[in-house]
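Colleague: What follows is each chain in one-letter form.
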Amino acid sequence: VKQSEPTVYVVDDDADVLRSLTRLLRASGYRVEPFSSATEFLRQAACFGLGCAIVDLHMTEMSGLSLQDCLLQAGITLPLIFLTGSGDFQSSVQAVKRGAMDYLAKPVEAMNLLPAIDAAIQKHATLMAG
Amino acid sequence: VYPGRHLSAVMFLGPSATGLWACLIALPLTAQTPFPSSSGQAKHEVLILLADQPGRPFTDRILSGFRSVTMRERNPSVSVFAEYAGGYADESAEVAAERANWFEAKYKKHHLGVVVAVGAPSIELARSFRTGLFKDAFVVWAAGEFEPRPAPIERASGLILPVNSFGTFKLAQQLMPGATYVAVYGGGSKFDQPPRERFLEFLRAEAPDLRVLDFSGMPPDELKNKVAQLPPGGSIQYLATLADRNDRPTDTFEIMSALSQSRVPVFSYEDMSMGSGNLGGELLSWTDVGRTLGNMTLRADRGKGVNGSVETAPRTASIDWRQLNKFGIPEGRVPPGVQILYRPPSLWAEHRVAVTLSALALLIQTLLIGSLLAERARRRVVQAEARESEAVASAMLTSVPGYVVMLDRDGKVLRANDHIVAPESEFEKVLAGAVPDSNYFDVWNLGSDDSKRVITEVRRLTTGEINELTLVKFRPSPTGGAWLEIRGEHLDGGRGGAVVTHVDITDRKRAEMKAAADLDALSHLDRVAALGELSASLAHELNQPLAGMLSNAEAAEKLLALTPPDISEAREAVIDIAGESRRAFAIITKLRQMLKKEQASFEPVSLNEAVRDVTGFLAADAARRHVKIDLDLARDLPLVLADMVQLQQVVLNLMTNAMDAMETQSEETRNLRLVTCCDRRSKLVELQVRDQGPGIASDQLGRLFEPFHTTKRNGLGMGLSICRSIIDSVKGKIRAANSPEGGAVLSVTIPALAETAEPVSAERAAL
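Here the protein sequences come in this chain order: H and V.
With my numbering applied, the first sequence covers 1 to 130.
With my numbering applied, the second sequence covers 1001 to 1767.
Rather than coming from a laboratory, the hints here were simulated on the basis of the structure.
Among these hints, one or two may not hold up.
To be verified - Covered by chain H, according to a simulated footprint, are these stretches of chain V (three or more residues, beta-carbon under 8 angstroms):
(1) 1540-1553
(2) 1571-1579
To be verified - Here are some of the chain H residues that sit facing chain V, going by a computed Cβ distance under 7 angstroms:
(3) 17
(4) 20
(5) 23
(6) 27
(7) 40
(8) 60
(9) 62
(10) 104
(11) 110
(12) 125
(13) 129
Said to hold, decoys possible - With beta-carbon atoms standing in for the labels, derived distance ranges:
(14) 1536/V x 109/H: 19 to 27 angstroms
(15) 61/H x 1529/V: 28 to 36 angstroms
(16) 109/H x 1513/V: 46 to 54 angstroms
(17) 61/H x 1506/V: 34 to 42 angstroms
(18) 61/H x 1578/V: 27 to 35 angstroms
(19) 61/H x 1505/V: 18 to 26 angstroms
(20) 66/H x 1529/V: 27 to 35 angstroms
(21) 1737/V x 66/H: 20 to 28 angstroms
(22) 1578/V x 128/H: 39 to 47 angstroms
(23) 66/H x 1742/V: 25 to 33 angstroms
(24) 72/H x 1586/V: 33 to 41 angstroms
(25) 1536/V x 72/H: 25 to 33 angstroms
Every residue, glycine too, gets a C-beta built ideally from N, C-alpha and C.
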């Protein structure tokens, strides 16, 4: 794993969604690491390098917001982009207030997602440099 | 000289015979001599000497008894000569000597084997000839009890004739215990004296307190007057008499005629007075005496005569039943062993055969009449019963709220209940029995499948192929038609046939259909509402595959745009898109099913499948609400007959209610558990929905399934009510309870379909 190459961490408990996102991002030229649950993601989060995470806000086992809490508590600054359902507006606002990079409604268009990823990676790079 | 010739020497034979001894007139009984003396050699000859004249009853009886024995022999070996010995009347010595000569002359050539001498004069006569005329004969003598015992005779045996005045008096006392006096009538001659005095002596000793009136010796006329004045309360004792005090011979019948003028009973031992007014006494039967003497004679004739033996003639206490009755003496007083004479023979004794036949005829007639009467009564009862049962049948027919017809085997209408006031259609007229010779099958000949079915089934019923029938069919008519419930019962009679009832159930049917439609509509509304509440979750659920499809499509586009294009990965993406679109389609299909407004259709369905479907449907919502769903589904669960969508609706309702109930619980304890099982014994399939909420308040438990009852702020309150209606429609039960471990348990039981089970094996899954 090259330290310099940014990685996109995708967290979604819906296998279909996880696989399709992973495929899209890889086809778009990103290095992608998929996680099917928040806990799995958190277990490895400490050693993540430059990148960002795309997290489904609405997961059964541990929700996106909980995941955000955990990262904040652990002092991990990896930027988060939340994917939300149509009815999760409140949660999305809360997430952004807590420092989330962005939130995007499902189904998400590549033309919206990819710039958001780039922006997030940029921000992470800035944070790491700073 | 024969002393018997003299009157004083004559002895009594018996008290009643005293009069007879008195006759000294010798009267040869030639007429009664069966064989002439010349032919007597071959036979043993017997001479019987009597003390009275032949022709007198006393004499006749003795002779008749004597002859009945001696002549009874199959081959009579003896010839009987009977002679009067004389002795009573004052005979001169000359007459006595003449008689002795006469006997000598008559019997000197005879060989008399046995000489019977009855009475003291006869005995004396016999004794006088003992050494002469009778020297070879055996002598049989008979003497009265109170007569001086005759001097012994060689080769002789005797018979003592008892005088029964004592026994007769005792009998009188037994019959009339309250008698205050006794009037005695004895003879007046000196021969009558000994028995009379012996009797009076006896009375003094036996009954000293009894007043004794002695009428002895009175001539009949005087006696008649005397006894007529006797007061009641006593009796008359009539001793046998020889003559009155004027030495006039007494006649038993004459005396009895005089005595019967009294108002008190007469008792006497005189044999011949019996039947002429004598109430009773110890009688000496002269006929029996004759028989006894006959027997003694025969014994002597055979050389078996016992020399010197003396017998006593038997006596018989007898009562004249008519006299007993006349004086009102109860028959119960008659001592045992006393013979009762002149009792009128019963009809039975007199006309046994006639009585038997008459009785039999009467009996048969009675039985015949009785049985005819019984038969008539029975027939009346049967007729009454028939009338009654006819009335009951009519009443029952009329009371049936429909048309009842009785059909024969060929469908001919035999009978109908005619309470349809104004039958309108031809059909009604036939059913009301208003059309003569109508046929049931004709009126159903409508051509429709339903009418054909009715004809087929009713025909099977009338022919006995089936015994009962229930059909519900719509019968169209110009005025709109009617739903008819047709019930039939086969008749087992000879002609076959059936009774068919038709009840118009149009109203009921409409109500049922309306209720079903209402339930359909309501349950639909409920489903729409439920899905509305679920819209957020459903949107999310639907979003997922859509999101995947979009990403995959864009990925594919990018992969194909690469140089070189990554065809392989692009193909994977396309395959995924197909899968995701199927996933979306499945969700849409389920949604459409739930939202569909359709009539319920009952089919064998699996409760497990309904649970799995709804659980899948609710998974997103459950996840959103942090409810963990636990399934514990039984293996081989039998199917139930229900509408799948409605069944799912019930499960959906119960699950959303359960999740609602756990809203306020901490996320860790929001467990929803669904259990299915089957009770093989009661053949019920059960679903339990267990939550870990606060449970149901006890005052709510009973009202949970009522319409518009709700504990939720924004609920319509129809959910559980509709659930109950749905479960009712499949003959199931729904109930609510609180679990001991906390939380509510809603359970649904539905009758299992026999021998059916879900083919898929059960699973236990956590979602």
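Colleague: Hint by hint, say whether it matches the structure.
Modeller: Hint by hint, here is what the structure shows:
| no. | hint | verdict |
| --- | --- | --- |
| 1 | 1540-1553 | holds (count 11) |
| 2 | 1571-1579 | holds (count 4) |
| 3 | 17 | holds, 5 angstroms |
| 4 | 20 | holds, 4 angstroms |
| 5 | 23 | holds, 4 angstroms |
| 6 | 27 | holds, 4 angstroms |
| 7 | 40 | violated, 17 angstroms |
| 8 | 60 | holds, 4 angstroms |
| 9 | 62 | violated, 11 angstroms |
| 10 | 104 | violated, 10 angstroms |
| 11 | 110 | holds, 4 angstroms |
| 12 | 125 | violated, 24 angstroms |
| 13 | 129 | violated, 30 angstroms |
| 14 | 1536/V x 109/H: 19 to 27 angstroms | holds, 22 angstroms |
| 15 | 61/H x 1529/V: 28 to 36 angstroms | holds, 30 angstroms |
| 16 | 109/H x 1513/V: 46 to 54 angstroms | holds, 52 angstroms |
| 17 | 61/H x 1506/V: 34 to 42 angstroms | violated, 60 angstroms |
| 18 | 61/H x 1578/V: 27 to 35 angstroms | holds, 28 angstroms |
| 19 | 61/H x 1505/V: 18 to 26 angstroms | violated, 58 angstroms |
| 20 | 66/H x 1529/V: 27 to 35 angstroms | holds, 32 angstroms |
| 21 | 1737/V x 66/H: 20 to 28 angstroms | violated, 36 angstroms |
| 22 | 1578/V x 128/H: 39 to 47 angstroms | holds, 41 angstroms |
| 23 | 66/H x 1742/V: 25 to 33 angstroms | holds, 27 angstroms |
| 24 | 72/H x 1586/V: 33 to 41 angstroms | holds, 39 angstroms |
| 25 | 1536/V x 72/H: 25 to 33 angstroms | holds, 27 angstroms |
The structure fails to meet hints 7, 9, 10, 12, 13, 17, 19, 21 from the earlier list, while all remaining hints are met.
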